[in-house]
Amino acid sequence: MAGLLLLLIVIAATAGFVVNRRAARRLRAQAGRLHSLEGFHGGWAAALIALPALAAMLAVVVLREPVIDELTLRAMPAEAVEGLDAGERALLLTELRSLADGRAFGQPSAEKLAAARRMAELRRGADLLMLVLAATAGALGFLAARRSLSPGFRARQAVERVLTGLMLGCAALAVLTTAGIFASLVVEAARFFARVPIHEFLFGLNWEPQIPLRADQVAAEGAFGWIPVLVGTLVITVIACAVAIPVGIFTAIYLHEFAAPRVRAVAKPALEILAGVPTVVYGFFAVLTVAPALRAAGAWAGLDVSPNTALAAGGVMGVMLIPFISSFADDALSAVPRSLRDGSLALGATQGETVMKVLFPAAIPGIVGGVLLAVSRAIGETMIVVMAAGLMAKLTINPLDSVTTVTVQIVTLLIGDTSFDNPKTLAAFALGLMLFLLTLGLNVIALRVVRKYREIYD
Amino acid sequence: MTDAAAADRPARDAAAAAARLRRRRRLDARLRAAGIASLLFAAGMLAILVGSLISTGAPAFTQTHVTLEFDVSAKRVKPEDPARGAYRAIVADAIGALFPEVTDRREKRELVKIVSNGAQYMLRDAVVADPSLIGSRVRMAVPVSDPYDQLAKGLVRRDDPEDRRRLSDAEIARFDKLVELGLISRPFNKALFLNADSRFPELAGLNGALWGSFYALLVCFLVSFPAGIAAGVYLEEFAPRNRLTDLIEVNINNLAAVPSVVFGLLALAVFLGWFGMPRSAPYVGGLTLALMTLPTIIIATRAALKAVPPSIREAALGIGASRHQVVFDHVLPLAMPGILTGTIIGLAQALGETAPLLLIGMNAFITAAPDGISDPATALPTQIFIWADSPERGFVSRTSAAILVLLGFLLTMNAAAIYLRKRFERKW
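These protein sequence lines are chains A and B, in that order.
Start counting the first sequence at 3; every next residue gets the next number (our numbering).
Start counting the second sequence at 2; every next residue gets the next number (our numbering).
For the record, the hints were derived by calculation from the structure and aren't laboratory data.
Warning: the hint list may mix true and false statements.
As the list claims (entries may be wrong) - In silico negatives: residues of chain A with every beta carbon more than 10 Å from chain B:
1) Gly127
2) Leu151
3) Thr180
4) Ala430
To be verified - Computed Cβ-Cβ distance ranges for the label pairs, DEER-style:
5) Glu393/B x Ile399/A: 54 to 64 Å
6) Pro271/A x Arg158/B: 34 to 44 Å
7) Ala38/B x Ser336/A: 18 to 28 Å
8) Ala33/A x Arg280/B: 22 to 32 Å
9) Ile313/B x Ala57/A: 29 to 39 Å
10) Leu402/A x Asp390/B: 38 to 48 Å
11) Gly304/A x Gly373/B: 12 to 22 Å
12) Phe366/B x Gln353/A: 41 to 51 Å
13) Gly300/A x Asp390/B: 21 to 31 Å
14) Ala98/B x Gly304/A: 48 to 58 Å
15) Gly373/B x Gly171/A: 44 to 54 Å
16) Ala57/A x Phe366/B: 52 to 62 Å
Stated by the list, open to error - In silico contact screen, one side only, chain A against chain B (beta carbon under 10 Å); selected entries:
17) Val189
18) Val321
19) Glu355
20) Thr384
21) Leu437
All figures in this text were calculated on a predicted structure; none of them were measured in a lab.
Note that CB positions come from ideal geometry on N, CA and C, so glycine has one too.
So that you can see chain B by itself, here it is in the shape it has in the complex (with noise of 0.2 Å):
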């Protein structure tokens, strides 16, 4: 047949047919071929992303040190009061001694530069924690400044002009020096993670941030968990159609999606205005990130307790059990990992959130971990936007590893989420 249809057509019909085919084959490769570009456009930016913030962020995992031999003599520290000697003095004459063709006052003062400022205080952390080094000479490595920091990590192009650098020529040849007599290491960035914030780059940490996270996410846990699963299960099992309900569903859909700015607008107002709550505590961040992650747990929960087939529930009626311990002794457990792995996920956006933790102070600059959740404490998030604010360049890198960690921890949460789903899901 056909063959028939075929050849009624005239062959100028057949090369139209076949020329329209071809039209309509290119569309479709183009509209394949616009799919492939933007998924790639997506893959590229995502590799870009990451790649740039690894490769600006890996120098951070390291901090360059030099050992420097100091001379604690009693004379610069009273053995009865080891906590106040004279630790910048000892410094200086360490990395003095190292040079003695230094003569010059404002030189020495460069050659000072090269120690990082806390290294007295590491010094003195030191004596104090032991001391029975006074009037010892002790050996220890310290971290170098910034720009030190920098030139050994490659950061300082050495054939730029003298005056388009950070370090003179002669600040140069001096930490060269340093490397030959092989006083110069690497060691991993132990004070990343031990040490607070600080105004220096080369000991700023993230020791106050993490605490800080971990309560706030604590509080948020301990708030959200228990009141999102009441919440849904009310929604869920118990609650009658009537107005009252429908309100609460359609709020509950649009909570999750006001900014969260709105949130810390709520939480200026409300916790720390009208009920007096102190600035920059993690507990009140907890509250507000609480209050972004309910609306996450209430529709992960309900989600898991619609999974849990009817059989369960008309069983344990049957055998004389009333709606609470039908729902909490057989459903409310076998919807439990559901509600889990909802949990973790509302928890991991909350660990990101920055916008309602900047509007309560959590972006104070503070040098200590906190102590509690009432303490003043800085998130991961809030020190990351610190961070990308200061305007050294040692910070830059800093920026870039405080999101790598960021990032660590959300992938970790996440893939817990996975694990949890994988583990314990159950075909009915």
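Next up, chain A with everything else stripped away, as it sits in the complex (with noise of 0.2 Å):
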């Protein structure tokens, strides 16, 4: 229904256009110069026709649902939908709405089938409603632009006021998907925080989310303390550092300074390759093959290596950084003056001692941003872990050992459960919290770090 109500707008935007267009061309023939060309008239029509139609249609959208829960409700005999809590609430929401759709599990009592016919009927009413106020909106707006077309009417500033207008909400939307990330797990995190004590989930030990069948289940009621959680994913990524900075670095510094332009030519695209690969490809290739091959290895030298040991996920997550690392490196590099090394080398410095002891001290600022933003993306890495980490938290930090991280439990608590209303399901907001929070600070202290050193040599 939204969608066919978008395609009509646009039909009438576009017929606003091309009749007021016509309008002001005649007006023209008649009254001679017009202050505005023929085609922002158009324009001006157009958008009055669209931006209040769109509106009364954004806020159909937006305020139905709730609207004819809420009227469904109100008309179903007071007994039964009085003393319900939430979680009751919804799922009597969910059976009706998929009555409405014509889709019956079971026997509905006669009650739930009135109040489903209600709901349907709402539901059209609504459609009928969002139809009508955005016609009338439109219509409105035609009027309206039909009215302001006079030779002195400013057409061309107006639309561009309207064009600006329109561009600033874009420009906002990236502020407005911050603040609704901050503001969905922050409601949401609060929530949890209402039913676990926050120090026990900052400082607690154990985390065992398993969700009580029944009310009165209390000794299953689960442990949520983040910190072997927490550590995990620590493990992983210092797993993930150890083999993303060595290699990323040197990569970087053979392919800046020692390496031939024919070398460069193939390495570089296949750097890139390698920072395009999905991660759930990445995920998929440490289960099929890295994996195995640590336990073999580890079996032949006698240690116990656990099937969905950290240290597959945390190499794999290596590798996928080393191109991020390399081409930080390669930058900040490329952003010395050259002065500097044209100095070392005619002091008769090798080219080795030019890298090491003059460049690569005068990149380290850049090269430690591209550190820490690599650090926040293995800790917010996901898929990887998903597929090759484990699942049970555990307080360790052996590498051969199985450990979970924040982005796993969050996916796994997830994945197939959507009531809002069991510690469960928030815990995983509770951790998703953390994640931004911890990942936010790394980059903001990287664009820091990075901007600062660039302010040195510009």
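Can you join these two chains into the complex? Each is in its own frame, and there are hints to help.
Structure, rendered in structure tokens:
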């Protein structure tokens, strides 16, 4: 319905554009010069049709679900609705919705069927209301545009004001997204902390998020201490960095200083391919190839390697981060002024000494910024660890053991479960909030380091 | 002069200098070796990655079929209702006819297992499409079930002890007889692209995932492309320097580095929780991906606009164009190739994105391709995730095949971006 209406609005706006432009042409033929070109008069009409109609449509789309739910429940017999908690209410509504869609499971009671019929009626009413409101708003807008058509009307300025407003709105979308992320995480996490004390979450050493199946199952409340999850994340991040940082930096140094142009021409695109591989592919690679290989190597060396060892997940994540670090290091090395290198070489330093003792120290701030961003990526990386790391939270720093990470827990807690009122689901949002704050902090520091460094040489 | 200096120094010093130089050169060589080793490590990993995917994925591009003669008699299939015939029995008879010596009930059941469970539905669809087949004998190639497919591809080792294999000696012998009769063929696996997901590896395909990804990317493009360009143009050409625009700029840079799973949490809480959008719908996935792609497109737009020389702007302004006319009629068209390149790269990233789609339920088990943007669907990366999690052996190979398909798409998109950049790049 909304899609159809969107199409109708586009058609109406186009029609308004054409009609008003033609009217403006006629006016010019009679009255001589207009202030603005005819196209702007057409554009003004299109804007006055589309914007109010879209606003009306959006208002109905946003408000319809909660209003329909409320009206449906109010129409039901009082004893069927009274005393329901939020979860039961949501369950009832879900059932009614699927009934209203014409999908019945089992034998619903007569009152539910009646409520579902009412819901379907209300939906049709809402669709109609949306259509009528949008049409009225569009028509009024069009009339206003027609009335404004006169030789002296500054249509160009009006259209440009609308355009600027739209562009500003799109730019603000980025801020809105951040605000949305923050608001949704904080709201859901706050609901979690209402059930589980915040100090228990921050300092608890046990992470066993089970949900009680029945309301009276107090014993299986589950434990929500995120320390083991955090430690697991850090173990995998350290492994990933141990692979990515040396390999990435040496690759960058080699490509930047020593490699023949032909080698560069092949190696750089190859690294870019490595960077473009989706993380789900790396995850499968870790499960399919790396983990069995490590296990075989462990058996050969007499070590007990867990099937989803942190080493496999972290190592593959390190491979993923190599191009990331090497491109940052390459940029940082390139940003070092030529005069430093020339000076060092002129004093008789070898190429290697120039790199290690002159260029590298000068490039360190940029490289550190890149490394911080890489760490933030490693902490937030999801698919590799979901597929290759463990699910059980164990407080260990043994890389051969199986550990779990923040992102793994978020995904496993939320897959196939959307009811928003048990601690298990909400715990995922609390973890998400911590993840967001952690990565945001790293990003802000990294960007600041990089920027500060640039200011020195520019 | 050098001669004089050298003559002044004792020979001992010269030897020490030579040794020092050797040591310094050795350090140099060591650094170079470390660089080469690092590069080889990265290249080797890439080679192992691609190699292992190709070697495990290649077999999934063919599928073993067995050609059988099905007796579609009017007794089994009523002409007035061909969709509800006893196709299961027809299939059982067709395979049974090849092994007249098998009479034992248990062995007969084993016999039927050679043929894929989907054979009866393929036969049904063929008969429904052409009811004149009723009463005749239909020769048709149908897929064999996964264990036999593995056997035909040599992935079941015949010299393993019988209890460690998925097929007994008797089962292998029966299959070998079918091979001798020339009934086994291995054509290109069209089902991989034409079928949606299935519990049976031999029937599972990517059709649903491809459409799901297509719809999600379509929505993502329709939202992020105009919005990204508008935001980029505003920030680059119109924005006054003030607190608000600074805030927006910092925000865009930070958004580009927010973990993707957090976008999934946002979509789950806001789109599904507060707006009541449906689970598993491609358009919700598309909207989520659009939020993630937006920073990429904004950054690409700004870079492309920066590359247009000021002379273009000044010339347009000079002949009386307004600032909006300058940007929309002159600067933006010239910047378009650069913007498109950035957009394609952003969409390629969105195509490979998995975690946010998992959280909004695009990893459901769905056996039909979606009919539109609001029909439940999976996407290519989430399908890979589902298959990678499936215990059946046949799915390992299909996962690799699906990854190869995904990588193929990504390579094509990136190649298109590079071509676009090369073709339309202008040096001012």
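These are the hints, each one checked on the structure:
The claim that glycine 127/A is not at the interface with chain B holds, since no C-beta of that chain comes within 10 Å of its own (minimum 17 Å). With a least CB separation of 20 Å from chain B, leucine 151/A remains clear of the 10 Å interface cut-off, as annotated. Not every CB of chain B is more than 10 Å from the CB of threonine 180/A (nearest about 5 Å), against its label as outside the interface. With a cut of 10 Å on Cβ distances, alanine 430/A falls inside the contact zone with chain B, its closest approach being about 7 Å.
The given range of 54 to 64 Å is broken by glutamate 393/B and isoleucine 399/A, whose C-beta atoms sit roughly 36 Å from each other. Between proline 271/A and arginine 158/B, the C-beta spacing of about 39 Å keeps the proposed range 34 to 44 Å intact. In this structure, alanine 38/B and serine 336/A meet the distance hint of 18 to 28 Å, their C-beta atoms being roughly 23 Å apart. Distance hint check for alanine 33/A and arginine 280/B: the Cβ-Cβ separation is about 58 Å, which falls outside the suggested range of 22 to 32 Å.
At about 36 Å, the CB distance of isoleucine 313/B to alanine 57/A agrees with the hint of 29 to 39 Å. Distance hint check for leucine 402/A and aspartate 390/B: the Cβ-Cβ separation is about 23 Å, which falls outside the suggested range of 38 to 48 Å. Checked against the given bound of 12 to 22 Å, the beta carbons of glycine 304/A and glycine 373/B, roughly 58 Å apart, lie outside it. For phenylalanine 366/B paired with glutamine 353/A, a C-beta distance near 58 Å fails the hint of 41 to 51 Å.
The hinted range of 21 to 31 Å is satisfied by glycine 300/A and aspartate 390/B, whose Cβ atoms lie roughly 24 Å apart. For the hinted restraint 48 to 58 Å between alanine 98/B and glycine 304/A, the CB-CB distance of approximately 57 Å keeps it satisfied. For the hinted restraint 44 to 54 Å between glycine 373/B and glycine 171/A, the CB-CB distance of approximately 28 Å leaves it violated. The hinted range of 52 to 62 Å is not satisfied by alanine 57/A and phenylalanine 366/B, whose Cβ atoms lie roughly 40 Å apart.
Annotation: valine 189/A was flagged as interfacial toward chain B, and the flag holds, the nearest CB pair being 7 Å apart, inside 10 Å. For valine 321/A, the interface hint holds, since its Cβ comes within 10 Å of a Cβ in chain B; the closest pair sits about 5 Å apart. Of the supplied interface hints, the one on glutamate 355/A holds, with its beta-carbon coming within about 7 Å of a beta-carbon of chain B, less than 10 Å. Among the interface hints, the one on threonine 384/A holds; its C-beta lies about 4 Å from the nearest C-beta in chain B, closer than the 10 Å criterion.
Here the hint on leucine 437/A is kept, as its CB sits about 6 Å from the closest CB of chain B, short of 10 Å.
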